[in-house]
Amino acid sequence: MRNNLNNKFCHVERSRDACNIPKRGARTSTSLGLTLVCVLVVGLFYSCQKNIDVNIPDYVQKLVVEGKIEAGSTPEVYLSYSVPYFGNHTQNLSDFAVKGAVVTVNDGITTDTLKDISGLGYYYKALNMVGVSGKTYNLTILLNGKTYTSSTSIYPQVKLDTLWFKVLRDDSLGFVYTYMTEPAGLGNSYRWFAKRIGKDQNFIAPLGSAFDDKFIDGKSFEFAYNRGMLQGSTANDDNNNERSYFKLNDKVVVKFCSIGYNEFRFFRSYDANIISNGNPFAAPTNLENNVHGENVLGVWCGYNAYYDTLICK
Amino acid sequence: MLRLSSILFLLFYLSFFVTRSQNFTISGTIKEKKTGELAIGATIYIKEVKKGTTTNNYGFYSITLPKGNYTIICMYLGYNTQSDSIQLNKDLVNDISLVQTGVEMQEVVVSGERPDVNVKSSQMGQVTLDMKQIKRLPAFMGEVDVLKTIQLLPGVKSAGDGQSGFYVRGGGPDQNLILLDEAVVYNASHLMGFFSVFNGDAIKNVTLTKGGMPAQYGGRLSSVLDITMKDGNNQNFQVDGGIGLIASRLTVQGPIKKDTSSFIVSARRTYVDVITKPIFTHLKSEFAGTRYFFYDLNTKFNYRLNAKNSLYLSGYFGKDVFLFKDNESGFGVETAWGNATASLRWSHIFNSKLFANTSLIYSYYNFSFSALQDNFEFKIFSGIRDHNAKVDFSWFPNSRHSVKFGLNYVYHIFIPTNASARSGETKFDLGDIIKLYSHEAHAYLGDDWDLTDRLRINAGARFSYFVHVGPFTRFVKDPFTKLTDTVVYSTGKKIKDYHALEPRVSLRYELSKSLSLKASYTNNYQYIHLASISAVSLPTDVWMPSTEVIKPQIGNQYALGVFKNFKENMFETSIEGYYKDMKNLIEYKEGAQPQDNVKDNPDNSFTFGRGEAFGAEFFVKKREGKFTGWVGYTLSWTNRRFAEINSGKTYFAKYDRRHDISLVGTYEFNEKWVASAVFVFNTGNRGTLPNSLYLFEQSVNVDYGGRNAYQFASYHRLDLSATFTPDRNKQLEKKRKRLEKRYVKKGKDPAQIVLPKKYAKNFGHSWTFSVFNAYNRHNPYFIYFDTKGSILTGDFRVQARQVSLFPVLPSVTWNFKF
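If you read the protein sequences in the order shown, they are chains A and B. Take 1 as the starting number for the first sequence in my numbering and just add one per residue. Take 314 as the starting number for the second sequence in my numbering and just add one per residue.
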């Protein structure tokens, strides 16, 4: 029981602060709190956990928007409903999926309507429009007589110099390092994803994946990322000592994206939202949405990605 | 209205002079005979006229009476009551030395009515705690804790296990003025609130004012915790110490020159790190080098120049240090925080009616954090530094008036979050070090005035002025928090100033000798602020001055109370009701992150709102006898309204507690055994919990509901302790008898018995056994949501889990003195 708690905290601390260098200054308070609580709870005192039932006040169903348009790709929007906390019941995708939404994207000249390809709802994809760097895209969602809107832009691509792997523990586990030169001029924001070929289905963003250039404007510097994981993952390597590490011989594709400032604020709040669950020190954080409308949360984000592949050696 | 106030003013004016020519003044200082310690709050009572006064923080008292013969009675809890007959035909100086009672029961009972501060004083919402009593109560891990004890009083709320700060009548933790020998202590906690920075061995007196704040105090909305350190024994050398489970203490005090000057040095340090170090080394742990400790050091010197002048120099220095090392990955963290205070005070008796104290005070709080991994290094620091000069006068013009007035000036230097970071040779741009400079000045006048024999008024006002000056850099932001401009102010340039007149009044109407009604109104301005970016108070919290963005916090408190004593003051009871409104309270905006403070002005992330608190406090205290203790119950409401928080809707403050009960009891079985118990029950804290789940990037996350909409389970806990003090005389007697037998056997003369040195007569020791959380209640510390499975595979589950900190925790402490 104690070890779980310890892992939970130290883990978050590690994945959050120890690794994401541009964000390092960012999480001091949280980091300190977490580190101290590790010592407190585990080192000095015995602690106890138990399952409890909570009566959740004032639930309101919200529309959740996860929209993206990447340079060179067609726009995709995932639409779901938030659901009340159900206690000890299992849930599946159909509890969340939104069907029958009319989703359109306009680039200032043309409008494309996104299709619910599977017919099951949730995933909506455009068939014609392709994202172009420098353009602004307006998203409109019509659902049950209500309208939700957002706007995003695709910013110029920023490249990473090189990638390398560095072993940090157990002779085989480590982080992916890189070196970047940040273009001078305030206003750039970024998001990092990585995917292990043959191991991960999709690109996964670690905690602290998004950062802006407030502290790094025009600098050249080295930084590193740990391996991200999906919340609640039951995969072995997300629950043993390999958790949050890449491993020797992993083939890793890094996707490093330029994003907008408001989108960066969204992902920053998204990470804070994740980290605040189960952390007595962090203030509960809700999302800084860039989608507007009644009872909606989510983001509509333009990406311009730089891809690079690394074999961990 | 105008006429009434004119009449009152005339009465007030006349009352100073009306019987002036026939009066004489009796004044002096009261001290403990054995140690020479000045007695604070001792009662002086003149039997014939049934009038009394109490000594101030320097043991000084003064009372003016018509010519005549009087019986002057001096009372101080735990000391024999002294009674002297005096012939008052000239101004008299009457210093009194008090003798400690062996057992409080033996206190001389003075015939006739005895005065009592609870009923007689115009002050309400004030409690003075006896260190002796505090030391007998169960202590967490055996560490005597003043802050934990005041949290057992009605109207004072703890934040819960493992959290620092206390909350008085619905106010925030930054609204408490914590003074140690008049120096402000900015962070009164060690180890996230598990222990307070006040070492019980070095403290003489603790007074908490939670309402009806008199004019001499200001600068905070909610309370004043005034802690006085011991002066040091000016008669004999004395060593006290204790060895506990996690910390040890040692106090040395003694005369430098008998009756004239003395010193005290008191130190405490934890030693968990010392114990764990060899374990880490032995296990060759990758975390070797990880350690935590805190220490504090109190020192004080005093020098009595002559009968009218005394000098006091006191200092406090304390620090928490936490080091974390992961040798395998090369990740390391070093965090330290601590306070330092120094006060140099000169007390001067101008004449029998006028007492003055002049102080030069320095306060400092500093927090630093640094982390290192590979080539990357990150440092952050913040703090506050005060230079303070003040002069306080106590004037006793006649027996009806007791006037206090004074001036205070503070130069504050604030260092909000400043950071630096580098990766190899690259230094990240975390901005220049920003300091904020401000001047704060106060002038006050207050009079405690017996308008009639039944009605006493304490009326006063405080004028305050605050100015934020350059150098300063203001980062101007657009509504989307993007930087649009920077404004640089030069050194000494006035950026923004505020001033206010803060009226205070309290009334006491005596219905009978043991029953009084009291009412008070207090207006306060607070110019310095603490906002917490996390859900709880942490050492990382940053103090900020009032700026052009942050307006001073303003508080008004109205209180009404009934005070009744029973059985010759053996029982004190009171019921107090209060209503408090607070303006310009500070919170971080929703979604603010710690990095927002770096290369920016923290106030750009603040949002401002109002607060309201009201409630009733019930208090019954048994002061004397074998059984002593109290019962406190508080019924209260506290809410907040911020335009930018909780969608502008009013919400309950985190420490809104409907019910709060404390039962505190100490029983003296005999001279050897004293047992005590503390039981607390309170409605659970409020928190913001998720009310729904959402799906994003294939992960299920939680969306939070209304601010503080969830109420945790109730908190209750029983702590027990027992102190065993072996009877030295009996032990000596036993030893002597044993030796006698041996001497007789050997044919020696028993009269020549020499006891071994360890039986030196001054040596004494005691054992304190305590049990924290005796019935192992799992009180909520926090709740989190554990998710398992995936919604894609249809086995997704979420479960709320509650984490508790402390199970039943026994501890033992050995205390000694010689």
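Worth double-checking, as some hints may not be accurate.
To be verified - Sample of chain A residues at the chain B side, in silico, Cβ under 8 Å:
| id | residue |
| --- | --- |
| 1 | Ser73 |
| 2 | Thr74 |
| 3 | Gln91 |
| 4 | Gly185 |
Stated by the list, open to error - So, partial list: chain B residues that the calculated Cβ filter (under 8 Å) puts toward chain A:
| id | residue |
| --- | --- |
| 5 | Phe1009 |
| 6 | Leu1052 |
| 7 | Ser1103 |
| 8 | Ile1104 |
Just so you know, the hints here were simulated from the structure itself, not pulled from any lab data. We treat Cβ as the ideally placed atom computed from N, Cα and C, and that holds for glycine.
Tested hints:
no., hint, result
1, Ser73, "violated, 16 Å"
2, Thr74, "violated, 18 Å"
3, Gln91, "holds, 5 Å"
4, Gly185, "violated, 13 Å"
5, Phe1009, "holds, 5 Å"
6, Leu1052, "violated, 47 Å"
7, Ser1103, "holds, 7 Å"
8, Ile1104, "holds, 5 Å"
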